[in-house]
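J.: The chain contents come next:
2 protein chains.
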Amino acid sequence: MKNYFIGIDLGGTNIKAAMVNITTGDISGTTSIPTHSREGYDSVIAQMGVLVERVITASKITKSKVGGIGVGVPGVIDMDKGRTLFLPNLPGQWRNVALAEKLSIHAKLPVRIINDARAMTLGEWQFGAGKGVDTVACYTLGTGIGGGLIINGRLHLGIGGAAGELGHVIVDLYGPKCGCGSNGCMEAFASGPAIAAMGMKAVAQGLTTRIAELCEGDLNRITPELVCQAAIEGDSIAKDIYEQAGRYIGVGVASIVTAINPRRVIFGGGVAAAGEIILDPIRRTVQSRVCLTDLKSIQVVLAELGNTAGLVGAAFWASQK
Amino acid sequence: MKNYFIGIDLGGTNIKAAMVNITTGDISGTTSIPTHSREGYDSVIAQMGVLVERVITASKITKSKVGGIGVGVPGVIDMDKGRTLFLPNLPGQWRNVALAEKLSIHAKLPVRIINDARAMTLGEWQFGAGKGVDTVACYTLGTGIGGGLIINGRLHLGIGGAAGELGHVIVDLYGPKCGCGSNGCMEAFASGPAIAAMGMKAVAQGLTTRIAELCEGDLNRITPELVCQAAIEGDSIAKDIYEQAGRYIGVGVASIVTAINPRRVIFGGGVAAAGEIILDPIRRTVQSRVCLTDLKSIQVVLAELGNTAGLVGAAFWASQK
Numbered sequence: 002m003k004n005y006f007i008g009i010d011l012g013g014t015n016i017k018a019a020m021v022n023i024t025t026g027d028i029s030g031t032t033s034i035p036t037h038s039r040e041g042y043d044s045v046i047a048q049m050g051v052l053v054e055r056v057i058t059a060s061k062i063t064k065s066k067v068g069g070i071g072v073g074v075p076g077v078i079d080m081d082k083g084r085t086l087f088l089p090n091l092p093g094q095w096r097n098v099a100l101a102e103k104l105s106i107h108a109k110l111p112v113r114i115i116n117d118a119r120a121m122t123l124g125e126w127q128f129g130a131g132k133g134v135d136t137v138a139c140y141t142l143g144t145g146i147g148g149g150l151i152i153n154g155r156l157h158l159g160i161g162g163a164a165g166e167l168g169h170v171i172v173d174l175y176g177p178k179c180g181c182g183s184n185g186c187m188e189a190f191a192s193g194p195a196i197a198a199m200g201m202k203a204v205a206q207g208l209t210t211r212i213a214e215l216c217e218g219d220l221n222r223i224t225p226e227l228v229c230q231a232a233i234e235g236d237s238i239a240k241d242i243y244e245q246a247g248r249y250i251g252v253g254v255a256s257i258v259t260a261i262n263p264r265r266v267i268f269g270g271g272v273a274a275a276g277e278i279i280l281d282p283i284r285r286t287v288q289s290r291v292c293l294t295d296l297k298s299i300q301v302v303l304a305e306l307g308n309t310a311g312l313v314g315a316a317f318w319a320s321q322k
Numbered sequence: 002m003k004n005y006f007i008g009i010d011l012g013g014t015n016i017k018a019a020m021v022n023i024t025t026g027d028i029s030g031t032t033s034i035p036t037h038s039r040e041g042y043d044s045v046i047a048q049m050g051v052l053v054e055r056v057i058t059a060s061k062i063t064k065s066k067v068g069g070i071g072v073g074v075p076g077v078i079d080m081d082k083g084r085t086l087f088l089p090n091l092p093g094q095w096r097n098v099a100l101a102e103k104l105s106i107h108a109k110l111p112v113r114i115i116n117d118a119r120a121m122t123l124g125e126w127q128f129g130a131g132k133g134v135d136t137v138a139c140y141t142l143g144t145g146i147g148g149g150l151i152i153n154g155r156l157h158l159g160i161g162g163a164a165g166e167l168g169h170v171i172v173d174l175y176g177p178k179c180g181c182g183s184n185g186c187m188e189a190f191a192s193g194p195a196i197a198a199m200g201m202k203a204v205a206q207g208l209t210t211r212i213a214e215l216c217e218g219d220l221n222r223i224t225p226e227l228v229c230q231a232a233i234e235g236d237s238i239a240k241d242i243y244e245q246a247g248r249y250i251g252v253g254v255a256s257i258v259t260a261i262n263p264r265r266v267i268f269g270g271g272v273a274a275a276g277e278i279i280l281d282p283i284r285r286t287v288q289s290r291v292c293l294t295d296l297k298s299i300q301v302v303l304a305e306l307g308n309t310a311g312l313v314g315a316a317f318w319a320s321q322k
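Order-wise, the sequence lines are chains X and Z.
In this text, residue positions in the first sequence follow my numbering: the first is 2, and each later residue adds one.
In this text, residue positions in the second sequence follow my numbering: the first is 2, and each later residue adds one.
Incorrect hints may appear among the rest.
[Claimed, not checked] Lysine-lysine pairs mimicking DSSO-like chemistry, simulated, CA-CA at most 30 Å apart:
1) X/322 x Z/297
2) Z/297 x Z/322
3) X/132 x Z/322
[Stated by the list, open to error] Covered by chain Z, according to a simulated footprint, are these stretches of chain X (three or more residues, beta-carbon under 8 Å):
4) 146-156
5) 161-174
6) 180-187
7) 260-273
8) 284-296
[What the hints assert, rightly or not] Computed far set for chain X versus chain Z, every beta-carbon distance over 12 Å:
9) 30
10) 39
11) 41
12) 86
13) 94
14) 138
15) 205
Derived from the structure by calculation, the hints contain no laboratory data.
Even glycine gets a Cβ: it sits at the ideal position worked out from N, Cα and C.
Construct all of the structure, not just a fragment, from the sequences and the given hints.
T.: Structure, rendered in structure tokens:
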């Protein structure tokens, strides 16, 4: 079998790609371009085709040595057919687009697609924080909360690859509307936008908080990163916001731990960059909420591969059977 | 390998046992006795030893043809060591009791133990409502709400057999205290006692309801079965109680469906005897709460083996390597 596969991480803002050695997880020729999402899917797929050529050139791996391409896609897909079904963060009519087939024509290589959070799960499991662990739950904390499950040494796919949507485990059935259509999902409480909104509310209420200073009074500038910065500087309101978010996440994690007993729970994505500020309330909540499983055997840790986990995992996926 | 195994279902009220043909799932020599739980575990284990002999006699299968014994245990156990850890419904110091070893000395047969809801899951999967389905979630609705998961054609055990506690998936983080120590678990809202308590409340409030007539004013006589009877007779308060319980259950099921995508969700246990009265609100809630999985491929059904599923599953478990 060929040892090199190209991984692509299709994001709403950027498309990232790299050559991945699927034995070691090493990457080379990493390239990134802004996603031309407003120009529609054909334009974006053409961009990916260009990226593939750039990666091949930059990595100095000849195309004949490349086994194929794996694309991590942000949304609901039909893995078996290689089609996108619903990509909430990408405008441009991505309903039922034959992404794998179209990209394969551009790139002249076989293409497989996978949900981006499942790709990150695979990447961390093979080469990062989940290495050697048989059952793993993985969360990507960002604009949405994605997830993935490794169960008994295998990525758990479910129906058409839809299993593992851990951000949509319900934590409060009376909770706020979620982007998915349900109510009170973990994501509705603790996504990046939810954290930013808590910061906006504090500033709009006129509370004394470092968040107000950092955003210079402009609510548009409040991001999870800005709230995190305020928390790092010791601002108690910002710390409370992360405490809240972490507790909601912890409740959802507790349900997954009780049901599935993953030996390791991994957190990646932009919001997880807050590190212990978000991990600490998650751990405390899991400790107090999980009563029927021996918690000593369960670790709650940060992802290790950073923002390349998704493309590494997508490449690894493309290499599987 | 031997084809006959004895299955035992250890309950707080009765101990049931039967000879199980683990190829066909057929049972014979079924016997049941009241559990002498107040006399302590040694007495109860001696009872099981007596039951084993009775089953062998009644089934007319000679002992040399019997491969072993499987015991379904109501609570937290260490499967690997064959020890009970915490049996909430059995008085008598069952902490860290070497049940498998002790029964094996009585019965002179190898013994394996398994959580009773996981045993029921195995039984229904091999011989009942889950036959031929690769991924199944199973719920036993009774005094507690137990559960079990078949994932990719295999009972998912987790740490020491603790995975599959689906009744303790949280549906409302602000909800009432649960017997497990957490808050707002499905079980805290929708167990048999919770359903009975809703009936008691209606009667105590003096509401006009068939429940009051059926219990003849005695709150002690209100059981889930009595509330169910009132619902069958068309009493709107009783129907509302099952509607409530079914909705809470449905929220927990929705989280499991979103995370794991079981192709079939099976409901057994005393409360599930209400049939469509409880299944209908569960189904409606799952329909409205699961948004990222194709629901057409997921079935919500009743168990088929009745109250022998647990002992059949325990016997099957004993037959596995």
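J.: Are all beta-carbon distances from residue 41 of chain X to chain Z longer than 12 Å?
T.: Consistent with the label, residue 41 of chain X stays out of reach of chain Z, its closest Cβ about 24 Å off (over 12 Å).
J.: How does the coverage statement for the region 180-187 of chain X fare against chain Z, requiring three or more residues with Cβ below 8 Å from a Cβ of that chain?
T.: As far as the region 180-187 of chain X goes, the hint holds, because 4 residues have Cβ atoms under 8 Å from chain Z.
J.: Does residue 138 of chain X clear chain Z by more than 12 Å, comparing its Cβ with all Cβ atoms of that chain?
T.: violated, 9 Å
J.: Confirm or reject: residue 86 of chain X is not an interface residue toward chain Z, with every Cβ-Cβ distance exceeding 12 Å.
T.: violated, 9 Å
J.: Can you confirm whether chain Z covers the region 284-296 of chain X, using C-beta to C-beta distances below 8 Å and requiring at least three such residues?
T.: holds (count 7)
J.: Count residues of the region 161-174 of chain X with a Cβ under 8 Å from any Cβ of chain Z, then say if the count reaches three.
T.: n = 12 at 8 Å, threshold three: holds.
J.: Using Cβ atoms and 12 Å as the threshold, tell me whether residue 205 of chain X really stays out of contact range of chain Z.
T.: Its Cβ never comes within 12 Å of chain Z, the nearest being 25 Å, so this holds.
J.: With a cut-off of 30 Å on the C-alpha distance, tell me whether residue 322 of chain X and residue 297 of chain Z pass.
T.: holds, 28 Å
J.: Measure nothing beyond the straight line between the CA atoms of residue 297 of chain Z and residue 322 of chain Z; if it is 30 Å or shorter, mark the hint as holding.
T.: violated, 36 Å
J.: Taking C-beta pairs only, is residue 94 of chain X more than 12 Å away from all of chain Z?
T.: holds, 19 Å
J.: Are all beta-carbon distances from residue 39 of chain X to chain Z longer than 12 Å?
T.: holds, 25 Å
J.: The region 260-273 of chain X covered by chain Z? Criterion: 3 or more residues, Cβ-Cβ distance below 8 Å.
T.: The restraint on the region 260-273 of chain X holds, since 4 of its residues have a Cβ under 8 Å from chain Z and three suffice.
Consistency note: the structure conflicts with the earlier hints numbered 2, 12 and 14.
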